[in-house]
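Student: Okay, here's what each chain looks like letter by letter:
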Amino acid sequence: MSFAGKPVPHESARGHVTGDALYTDDLLLRFPRLLHAWPVLSPYAHALVKSLDVSPALTQPGVATVLTAADVPGEGDTGSSRHDEPLFPTEAMYHQQPIAWVLGETLEDARLGAERVRVEYEPLPAILTIEDAISAGSFLSGPFRLADGDMSVIESSPLLFDGELMIGGQEHFYLETHCAIAWRDETGGVAAHSSTQHPAEAQEVISRVLGLPRHKITVECLRMGGAFGGKEVQSNPWVAIAALGAWKTGRPVRVRLTRALDFALTGKRHPFLARYSAGFDDHGRLEGVRISYYSDGGWSLDLSEPILWRALFHTDNTYRLPAVELTGSICRTHKTSQTAFRGFGGPQGMLVIEEILDQAARRLSLRPDVVRERNFYREGDRTHYGQIVKDAGRIHTIWRKVKQSSEFDARRKEIDRFNENSPHRKRGLAITPVKFGISFTATFFNQAGALVLIYRDGSVQVNHGGTEMGQGLHTKIQQIAADSLGVPLEAVRVMPTRTDKIPNTSATAASAGTDLNGAAVADACRQLCVRLAAVAAGLLGCDASAVRFSNGLALGNGDESEGIPIARVCEAAYRQQVPLFAQGYYRTPDIHFDPKAGRGKPFHYFAYAAAVSEVEIDGFTGDYRLLRTDILEDVGESVSPVVDRGQVEGGFIQGVGWLTLEELVWNSQGHLATAGASTYKLPSWSEVPDVFNVGFLERAAEPGVVMGSKAVGEPPLMLAISVREAIRDAVAAFGDGGPLTFASPATPERVFFAVQAARAARESVRETIKR
Amino acid sequence: MKRSCYIGVENRFSEEGKTSEFLLNGRRTSIDGAAVQTTLLDYLRDQGLTGAKEGCAEGECGACTVVMLMDDAGGSAYRAVNSCLMFAPMAAGREIYTVEALAQNGELADVQKAMAAAGGSQCGYCTPGFVMSMFAEQYRRDREGPCDPHELSGNLCRCTGYRPIRDAALSLGPAPAGEFLDRLSQPAQRLESVDHQTTTSRFSRPTTLEQCFTILAADPEARLVAGGTDVGVESNLKGTRWNHIISLEAIGELREFSETEERVLIGAGLTLNEIPARWTAAPEAFREWLVLFGSPPIRNRATLGGNLATASAIGDGAPLLLALDASVHLVSKGGKRVVPLQSFFTGYRRTALVPRELIAAIEIPKPLPTFVKFYKVAKRRMDDISTVAACMTMDWDESGRVDRCRFAFNGVAAVPLRAAAAEDAVVGQRWNEAAVERAQAALDRTLRPISDHRGSAEYRLAVAKSLVGKFLWNRRETAA
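Keeping their order, the protein sequence lines are chains A and B.
Number 442 in numbering that gives the first Met the number 0 belongs to position 443 of the first sequence; there are no gaps in the numbering.
Number 399 in numbering that gives the first Met the number 0 belongs to position 400 of the second sequence; there are no gaps in the numbering.
Just so you know, the hints here were simulated from the structure itself, not pulled from any lab data.
Some clues are possibly wrong.
Claimed, not checked - List time: in silico SDA-like cross-link candidates among lysine to any residue, alpha-carbon distance up to 25 Å:
no.	chain 1	residue 1	chain 2	residue 2
1	B	K112	A	K215
2	B	K237	A	R110
3	A	K5	B	K464
4	B	K237	A	A742
5	B	K237	A	P60
6	B	K464	A	P60
Only a predicted model underlies this, so the values are computations on that prediction, with no experimental measurement involved.
Please put together the full structure from these sequences, using the hints given.
Tutor: Dropping the structure here:
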């Protein structure tokens, strides 16, 4: 019996629905004498810390101590790539940056203590927008360049136009905010529970801050209540503070950000500004495009470089760019340090090319779906960085199939009819594709380890380097291990992620969790099967090559009635002194990229998809509703259809949030004005389309990937571009169908003014005709 | 002595030596020792009941949802509430269930099975809250047909995109026989008075107005609280601490409802969700308004009186009630006075209430207007705070001219208001495009909204004007 490809529920579903599934902050009561931490926050977006007097805090009852730079035995910096994030800064670089941390017997004690800390600041001018950063020359990195083809062709393009698109950021709003608990362990080291996508980096950062070798540090992640990239590196400072506090006081220390602090202190999806020129022929075929990207990196570098690179890589989406010149710079602003978020720069790059294609279509009075299709890659094409677009034919297949299943052409006519008779409500319809490259673009991250332990009763513990954040990685791992070993699902226990089981792991990110860790687990299981087969052959009286494991039985001839329980084989193996544990390892083969030359094969493969969305706008208010969405996604041979469908639907809705209602607003003082659930709105029930069809491309097994599956974490997010384009289509229906644009997200306010602009354009055309 | 690890303040027994208890998952539980402003959520988590989570601490995400038994049509109902917006002493005398109570002897409850089977959980952090909201909906006594997914709209999920949760809710049958169902045939326990004191603060819950005025006379600075959906946010997010909190929720006089030929009188202490069962002849606009007000867990706690008393510039109660010519009945030890709502809001977050005075009821005169529409413009359609909201009403005389008209707004000034100039521009006229333009011109002259993170001043003014046009359009649609 096989479990791969079966719709099994989430491995922790029972724990989720009963409340038994534990998250880091649920462990509080297990730590007697635990101290709570609260930060002293900078009231300025940019200021020098002239003096810091913590003594008043110590007079607050219940305050145990205050952590400052003087307490750091190692290096007081938690920066991920560059060491540019001081834990106790002498220059505040964003509003509410922690300057010091108060530890108290209760959270209230710590908070009241923090209010008493006296800090003298010298406020400095703050750079708060991309435009200001550009004029001030304030950059963290760049410019980076990726170019291909002969750009001079666009000078003679029949259609040549320029434009600009401002793309807003996005708050992760994982339901579980950042949390860490650290304590001195029983043997002289430091241990921590951390809600992190990257326990190995948490370990590295603790070791850096405490000046201890990494073998002294153990980090565990039970599971996360959502992460979406927001806990890839941004969890580092909080676990470092907890560890430092535990080191100093000898007591367990808990750092949990409230939602308000999580908003104020942690990075978001990068806002981007794109300025472009594009040339097309009369049929809407792209001849060349030049784009300058400026991302808002915030105060420190974080992962901004690979994020910008992914925007450059994904500017092609599914389209052949005959000539292209892309540059990108990372602006330094006095805001939170923007970070990884599902899609990792890909969404911003793709949004720009989709904007350009729609602009071209409306300028040429062609249907946007037709223009998109005319520019698709074909088999044998290479990307603008020289990688062959493997399975480019799937772009066309998926497009055709989802157009059919959504009855795109018939509904197009229906909607046009509806719009003719409806002056104040207009509907829009759009289809957009996705091609997303799978692999970390820093090639060396593409490795993973596993440790599989079989006990004498046949029960199995699986350890691997990936973390569970709700994406269903552990579910897929459980299925892969159960299938690989031929045991029932319940015989496999996937353990929480710990740095003392698998060392030097990569972050669980880049959609590659299953590809990497699943392959490593399968590798370990294969070795164990070989060993067990030899033992079983002896018991069954057959050749080892004939032994199969299935459903908890070792079979010699495939007949279950003559099989023997795997538990018996394991016991026999133990007695025959055969080791019942194995390490597994995987590295993604044959990927490479040279950033200087802008050439290489950075991705193992591409994931493809397309979505059709329909919206209706209320012209009186700019308010709109998503009526229907149809998605076809290429997930290869799905290991876990329930998990994969969940990723597609959830990713899509999260993308809808990014492009429609989730708006980050910083005021002129650099304060985040939308720093809570009451001011920052993520999609709720009202954003779910009434009709929501999700299908998987059939017969799509991906060779060279575990179980023939494909990554699914990030690609669906970008299907939400279909919603933005449908909104544009509906806005256009208020006017004369000419080109129009609005910044992202498409809030009701932006849509309202876009509708007014479209109506005004139509009026002016009518005036012209009358004259 | 117990210390909460969140806001632990040591306890001193109240003067009567009475202990405060509530029924938690069927067991008597004492809240003595809890600091007054310990949230019910923190209290539960301190007891090891960590199923309920803190996601936002302001009643927006629903991760902390538990169910509380409340009276309902002679029996009782499980009502989903945000445990982050209840102070622990508010639970005194209540009957509360958390997610840990649902599975019996290892057997999952229907809602749990349905959520697990539908793939309704990914990271699982929001799941206990969804399960509790869905549980309340499955056991809703007036439910006919499938569960209403909108009853889950006070819960946010960041992972699933909601479709599987919707499927789980729609798959549920009637509430299964058993103790949970049997309980609903009996009313909830009557609330008794509470005097919960610690070394630093006090929580009082009188059961009569007279008791309340006595407590207020001794301590006029005490903070009054009804459902706590605003005060709880202030406590959690701003860290405001009060010496004395007086809960109004056990005062019977504030929970009355009556309707005559001349007027409707709604007790200020009725929760929003308690009103529709009483005001059965409410206009359609009232029901349209109700579902846009907060979320189900908020409506299970928030009161109309509380909404008016907070005097938010963007409160959704005001436009509706202003447009219906409502007035408020204010009571104090000295007696009662009736104040038209129009003169109740005196400035940003300021009202005509004087110290030691509270809102007893909201009076709506009859007959109700012929045509009423409520509009709410926000970034998100459900459970969002208004950028602009408006309630508009209109009556016509026999000749078809506008006889009476009300244009009431929030989000366009420091206080909710009626746009009198725009109303005047329309009265006595025929209701058509020209009248709309006159009203819009008046709005242009008189409204001075501000810009903030919810919307620009330009948008607020433009959309307020545009809604007048929509009101005409809706009228024509209705008439057609």
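Student: Hint check: K5(A) vs K464(B), CA-CA at most 25 Å. Holds or violated?
Tutor: violated, 55 Å
Student: Hint check: K237(B) vs P60(A), CA-CA at most 25 Å. Holds or violated?
Tutor: It holds: about 21 Å lies between the C-alpha atoms, which stays within 25 Å.
Student: What's the verdict on K112(B) and K215(A), does the C-alpha distance respect the 25 Å limit or exceed it?
Tutor: violated, 43 Å
Student: CA of K464(B) to CA of P60(A), is that 25 Å or under?
Tutor: violated, 56 Å
Student: Can you confirm whether the C-alpha distance between K237(B) and A742(A) stays at or below 25 Å?
Tutor: violated, 33 Å
Student: Keeping to a limit of 25 Å between CA atoms, is the pair of K237(B) and R110(A) held or broken?
Tutor: holds, 11 Å
Hints 1, 3, 4, 6 from the list above are not met by this structure, while the remaining hints are.
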